[in-house]
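Peer 1: Based on the sequences and whatever the hints tell you, model everything.
There are 2 protein chains.
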Amino acid sequence: MSNELYDVIIVGGGISGLAAAKWLKENGLTNVLVLEARDRVGGRTHTKRDPKVGWVDLGGSYVGPTQDHLLRIAKELGVETFLVNEIEDLVYFKKVSMKTPTATMPGTIHFLNQGTRYTFPYNGLPKLANGGQEDLLKLLHRLDELGEDISVREPWTSPSATELDSITFKEFLDKEFPGEGVRDYGLLVHNAFLAAASHECSLLFVVWYIKQAFGTRRIFSATNGGQERKFHGGSQLISEGLSDKIGRENILLSKVVNKIEQNCDFATVSTIDNQIYKTKHVIIAMSPCLIPRIYFKPELEPLKNQLYQRMPMGSVIKTIVYYESCWWRGLNMCGTLLVDGSDGDMEASPVEYTFDDTKPDGSKPAIMGFILANRARKLRNLTPEERRDLICKSYAKGFGSDEALRPVHYEEFDWQAEKFSSGCYTGICSPGVMTVYWPYLRSPHGRIFFAGTETATVWSGYMNGAVEAGERAAREVLAERGLISKNQIWRDEPESKDFPHKPFDDMVL
Amino acid sequence: MSNELYDVIIVGGGISGLAAAKWLKENGLTNVLVLEARDRVGGRTHTKRDPKVGWVDLGGSYVGPTQDHLLRIAKELGVETFLVNEIEDLVYFKKVSMKTPTATMPGTIHFLNQGTRYTFPYNGLPKLANGGQEDLLKLLHRLDELGEDISVREPWTSPSATELDSITFKEFLDKEFPGEGVRDYGLLVHNAFLAAASHECSLLFVVWYIKQAFGTRRIFSATNGGQERKFHGGSQLISEGLSDKIGRENILLSKVVNKIEQNCDFATVSTIDNQIYKTKHVIIAMSPCLIPRIYFKPELEPLKNQLYQRMPMGSVIKTIVYYESCWWRGLNMCGTLLVDGSDGDMEASPVEYTFDDTKPDGSKPAIMGFILANRARKLRNLTPEERRDLICKSYAKGFGSDEALRPVHYEEFDWQAEKFSSGCYTGICSPGVMTVYWPYLRSPHGRIFFAGTETATVWSGYMNGAVEAGERAAREVLAERGLISKNQIWRDEPESKDFPHKPFDDMVL
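Sequence order for the protein chains is A and B. If you read the first sequence in my numbering, its first letter stands for residue -11, the second for the next number, and so on. If you read the second sequence in my numbering, its first letter stands for residue -11, the second for the next number, and so on.
Careful: at least some of the hints might be erroneous.
Mimicking EDC-like on lysine to aspartate or glutamate, the simulated pairs with C-alpha atoms at most 20 Å apart in a straight line are [to be verified]: (1) A:K163 x B:E164; (2) A:K266 x B:D261; (3) B:K285 x A:E406; (4) A:K233 x A:D(-5); (5) A:K266 x A:D493; (6) A:K366 x B:E151; (7) B:K247 x A:E287; (8) B:K285 x A:D27; (9) B:K40 x B:E312; (10) B:K366 x A:E289; (11) A:K268 x A:D(-5); (12) B:K247 x A:E249; (13) A:K247 x B:E249; (14) B:K247 x B:E289; (15) A:K163 x B:D162; (16) B:K285 x B:D261; (17) B:K40 x B:D377; (18) A:K163 x B:E151; (19) A:K366 x B:E289; (20) B:K163 x A:E164; (21) B:K247 x A:E406; (22) A:K247 x B:E406; (23) B:K247 x A:D261; (24) A:K407 x B:E406; (25) A:K366 x B:E142; (26) A:K247 x B:E312.
Residues from chain A that keep clear of chain B, each with C-beta distances beyond 12 Å, as calculated [to be verified]: (27) N(-9); (28) P109; (29) E136; (30) T156; (31) Y311; (32) G388; (33) D486; (34) F487; (35) F492.
Hints were generated in silico from the structure; no laboratory data involved. Just so you know, these numbers come straight off a predicted model, no measurement behind them. Backbone N, C-alpha and C fix where the C-beta goes; we use that ideal spot for every residue, glycine too.
Peer 2: Following this line, the structure appears as structure tokens:
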């Protein structure tokens, strides 16, 4: 054990841990050390650089208005953004149900052999038959309405919390939106945004998740929403820029922390390769389920320990198929495809949700697609080539073009197999967890404070939440050290001037 | 690192790990080492010896017919059993609902200020008003019926599995048994038998759990069921007897395993105090959620890793209140009390489920009571004295006697705070876990095999399952070593001659 006594050791070199370290260094605690288990920084963001693709975000990638913490950091680091293409129409491809015949609707509906393709503008909704489109709008309104009395910081205190936390999102849909069209679409959107099946999550968790991302329009939209933009050069630039600000010599890679002991004067942080570091304080910035892999002495509060048993990570394989050209744009489709995920034929539509992933200069034409929830769990047993072929076939059907069958390159990343994330995008909650265990989500453990996107209150689950949580945990340490007052720990983030919180226009229906 | 190469290292010295070690030693692999994190053997069983109580089981305690694995071991070790008292009536105390007025029924119902006391014989059901008793019987039949096509060994393969695994037990009650009486009783029984709220568990999990415990009558009954008996001297005698058979020198206590590495020839098992042991094979016998606390190299299969994020432990505080006399027997009550747990007033009835815990010779009169699920999570913040006082008050109400207010001694054990169990009785599954992840429950990881009661198929969650799972994992190692054939791994346990599988008589209604 070196005799050096650090001010703060940060466990986890993802965006949250790095944002914490930067905040500390800039606010009076300069002797900071980051220990990262992987051989790279970035956590659940991971940009691959390769001549075939230029660069590609294999993990977290999107940014948009209201994500002001992240936008501030990006601006400071000089990382520029570009728009995700949504000029042409979006597509919802719904397989023919065995139960209900599909009625015809004028306009944008096309009948295919195996399903129906609905095209709609970025500010619209698919024109589902039998009142389905109106139901969709009602569903969005209902989710926002349920969020009205939910506290984003302390959701367990809200009057309706216990009731909302006693049912699953699927149960809610079954009860309030049983119409086949709206229900199937609701299940799909749940899968797409939480990387988990709708019976895995509590309604309270879903309602809270939407609210803390500024409501249904903001969370589900590209244009003016959470998926509006990507970073030029990839989101890894955020972590690399943060690393430079912190000083790369203060970040140790391939250091798996496995023990934290505390005494009256300091804490010792041990790693699996038997290094021991002494520090006044610790910030942990990891997936919640990974935290108990550290042996704590004194041990964690029992309900904090039980909380970490109850926030499993979602399941996602991110895929990117490259083509010679953006052929979809020529067909008046922007590259966004939602594919009905409600029936059991997972191999027919491995991907449920796509975006155009072409570079802003038009080079490297590509479609990004998420394999989600049970599909991710099942299809990870295939080879990458098998997955690519299934994906291309389903794109051919969904976009209605055999061009989809002629990829020139394929990239993918299975976040389920990434040991130090253990899943993506975020930790999820089944019924009964938030109302009972979330009071322990951010509770300090002696000299230890807790960051990580799951502990955030503004775009938790996203890169923005990682920044917010890391900086908040840093301020908790600063307050503990008497460098700021307790009431300075929480802080409202100013609205980005470059990307203001524009209201949404009415839906085009 | 010592150069000794063990045949098998067993991680976990609870009943499952010890049963594995004994089986191995008696079947050809004699060089066996058990590493236990606690300073005692026994895992989730724990008998305290003290002049005030003689002995008391603070953890797992009950045994009954059909638990043939455990009964065989007990007989071999010379541990005797005695009957849990059920001579007099059982009591169900139902608080007055704010919603529905309670109708009167002749016979065993008594009206009290704050609720209704229903007394009923061991082979009966409370005479709930408004058809509630008939509904209860229907609920039991329905749960058994749903289990009919469920495979106890591979429940994920059953035709109805996906549907049953997409809803919570609460959702099932709400849909099929909405009558207030039956629903409240169903919620209570769920809490009592799984130490979790009914919206926390998948219906498939509950149906499977009941089936692998031989059905509703067997699992819920004392007489002729899972709670018929206790061990003279306490259940710790099982683990101590197993330890003697294994040789206590082969069991190391206070050894927290934190790393297991495998190569072509052997595995190394490391502990938090930096000891390293070499072995040909490993059996892990721990709560599932604790397994990823070990750093595995090579790492666990990703879906096995995600499984262990998704089997949290239940929440229970076991309490025992001692009195001068068995005053309840004089009031024609056997000591079994079920207290309505469906409303929010947790402090008014901290305990939901009790048994007479008096010694078989009539000494140390006592009532054992479980504080369960959300009550356990909330009431752990009180002092033991506060909990005791609340319990005594609710016993006074439930049994209808102020004798309950005059305890002479109190014992309790909070299993939520026991780091190396991290909860009790067992690992539970919310919707979507069993059908997707359970194929990985017993899958070996190279040289590592998996025991623990959660991996059992006969009384999983109980001491019997611990024995079954440990012995099965031992036979997996024996098969791997060529000492038995693969088809000898699974083995039907002969019926105990002392405690045969007597059928149940019809309910007395």
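Peer 1: Each hint should be assessed against the structure and marked as holding or not.
Peer 2: Evaluated hints:
Proposed proximity of K163 (chain A) and E164 (chain B) is supported: the alpha carbons are some 14 Å apart, at most 20 Å. Distance check on the hinted pair: K266 (chain A) and D261 (chain B) sit about 18 Å apart at the alpha-carbon level, within 20 Å; holds. Of the supplied pair hints, the one linking K285 (chain B) and E406 (chain A) holds, its CA atoms being roughly 14 Å apart against a limit of 20 Å. Between the alpha carbons of K233 (chain A) and D(-5) (chain A) the distance comes to roughly 17 Å, so the proposed pair stays at or under 20 Å and holds.
A distance of roughly 54 Å separates the Cα atoms of K266 (chain A) and D493 (chain A); the hinted pair therefore is violated under the 20 Å criterion. Of the supplied pair hints, the one linking K366 (chain A) and E151 (chain B) holds, its CA atoms being roughly 18 Å apart against a limit of 20 Å. With a C-alpha separation of about 19 Å, the suggested pair K247 (chain B) and E287 (chain A) falls inside the 20 Å cut-off, and the hint holds. Between the alpha carbons of K285 (chain B) and D27 (chain A) the distance comes to roughly 16 Å, so the proposed pair stays at or under 20 Å and holds.
Annotation: proposed proximity of K40 (chain B) to E312 (chain B) holds, straight-line Cα distance about 12 Å (limit 20 Å). In summary, the hint linking K366 (chain B) to E289 (chain A) is supported, as the alpha carbons are separated by about 13 Å, within the 20 Å threshold. Only pairs whose Cα atoms come within 20 Å are accepted, and K268 (chain A) paired with D(-5) (chain A) is accepted, the gap being roughly 5 Å. For the hint pairing K247 (chain B) with E249 (chain A), the CA-to-CA distance comes to about 18 Å; that is within 20 Å, so the pair holds.
For the suggested pair K247 (chain A) and E249 (chain B), the alpha carbons sit about 18 Å apart, so the restraint of at most 20 Å is met. Restraint check for K247 (chain B) and E289 (chain B): the C-alpha separation of about 16 Å stays at or below 20 Å, so the hint holds. Restraint check for K163 (chain A) and D162 (chain B): satisfied, since their Cα atoms lie roughly 11 Å apart, inside the 20 Å limit. Straight-line distance between C-alpha atoms of K285 (chain B) and D261 (chain B) comes to about 19 Å, which keeps the hinted pair within the 20 Å bound.
Pair hint K40 (chain B) plus D377 (chain B) holds up; C-alpha atoms about 19 Å apart against a cutoff of 20 Å. A threshold of 20 Å between alpha carbons decides the hint, and for K163 (chain A) with E151 (chain B) the separation of about 16 Å falls inside it, so the pair holds. The straight-line distance between the Cα atoms of K366 (chain A) and E289 (chain B) is roughly 13 Å, inside the 20 Å bound, and the hint therefore holds. A threshold of 20 Å between alpha carbons decides the hint, and for K163 (chain B) with E164 (chain A) the separation of about 14 Å falls inside it, so the pair holds.
Restraint check: the Cα-Cα separation between K247 (chain B) and E406 (chain A) comes to about 18 Å, which is no more than 20 Å; the hinted pair holds. Between K247 (chain A) and E406 (chain B) the alpha-carbon distance is near 18 Å, which keeps this suggested pair within the 20 Å criterion. A hinted pair counts as satisfied when its Cα atoms are at most 20 Å apart, and K247 (chain B) with D261 (chain A) qualifies at roughly 11 Å. Restraint check for K407 (chain A) and E406 (chain B): not satisfied, since their Cα atoms lie roughly 26 Å apart, outside the 20 Å limit.
A distance of roughly 17 Å separates the Cα atoms of K366 (chain A) and E142 (chain B); the hinted pair therefore holds under the 20 Å criterion. As the CA atoms of K247 (chain A) and E312 (chain B) are separated by approximately 48 Å, the hinted pair breaks the 20 Å bound. Listed as outside the interface, N(-9) (chain A) is consistent with that label: its C-beta sits roughly 20 Å from the nearest C-beta of chain B, beyond the 12 Å cut-off. No Cβ of chain B comes within 12 Å of the Cβ of P109 (chain A); the nearest lies about 34 Å off, and the non-interface call holds.
Non-interface call for E136 (chain A) relative to chain B: holds, since the shortest CB-CB distance, roughly 23 Å, exceeds 12 Å. With 12 Å as the threshold on Cβ separation, the claim that T156 (chain A) sits away from chain B is violated: the shortest Cβ distance comes to roughly 6 Å. No beta-carbon of chain B is positioned within 12 Å of the beta-carbon of Y311 (chain A); the least distance is around 29 Å. At the 12 Å boundary, the C-beta of G388 (chain A) stays outside the reach of chain B, the nearest C-beta of that chain being 31 Å off.
Every CB of chain B lies more than 12 Å from the CB of D486 (chain A), the least distance being 38 Å, so the non-interface label holds. The Cβ of F487 (chain A) lies farther than 12 Å from every Cβ of chain B, with a closest approach of about 35 Å, so its non-interface assignment holds. Interface exclusion of F492 (chain A) from chain B stands, the closest Cβ pair being 33 Å apart, more than 12 Å.
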